[in-house]
Amino acid sequence: MKLITLMFALCSAVAVQSRGYPVPYFYGGSRAFEEPFDYDDCFKDVEMGPIRCRAHFLSYKWDMVTMQCQETVYGGCKPTKNNFLTLEDCINTAQDICQRIQEPFE
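The sequence shown lines up with residues -20 to -1, 1 to 86 when you count with mature numbering (1 follows the signal peptide of the UniProt record, and there is no 0).
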């Protein structure tokens, strides 16, 4: 039974990677990429694309409407750089960069 479970897990990981979804890894508190957080990332959601995966991981993102980090849910696939493990990571990474942007609504 353990062998079957292990085989299923390995096949699932290969299937996820073969569809082009990155397996999340962590860089400076963010679940996404090696490139540094930039102005464009302030506007992004925690996942790319219209289709969301079904996992429910607690996550934090910068919200341009409230101009602060907010708790959200990450589905587990296709992370953006605006996807943080902790509130502290979000504040330390995104706040200084995103608060420099003047809101287009003002």
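Since the hints were derived computationally from the structure, they do not count as laboratory data. Among the clues, some could well be false.
Simulated crosslink set (SDA-like; lysine to any residue; CA at most 25 Å straight-line) [unchecked claim]: (1) 58 / 15; (2) 58 / 77; (3) 58 / 71; (4) 24 / 52; (5) 58 / 48; (6) 58 / 20; (7) 24 / 36.
Checked hints:
1. 58 / 15: With a Cα-Cα distance of about 15 Å, the restraint between residue 58 and residue 15 holds, given a limit of 25 Å.
2. 58 / 77: holds (23 Å)
3. 58 / 71: holds (22 Å)
4. 24 / 52: Holds, because 13 Å separates the two Cα atoms, which is no more than 25 Å.
5. 58 / 48: holds (23 Å)
6. 58 / 20: holds (17 Å)
7. 24 / 36: With Cα atoms ~18 Å apart, residue 24 and residue 36 stay inside 25 Å; holds.
Going down the numbered hints, you'll see the structure goes against none, and every one checks out.
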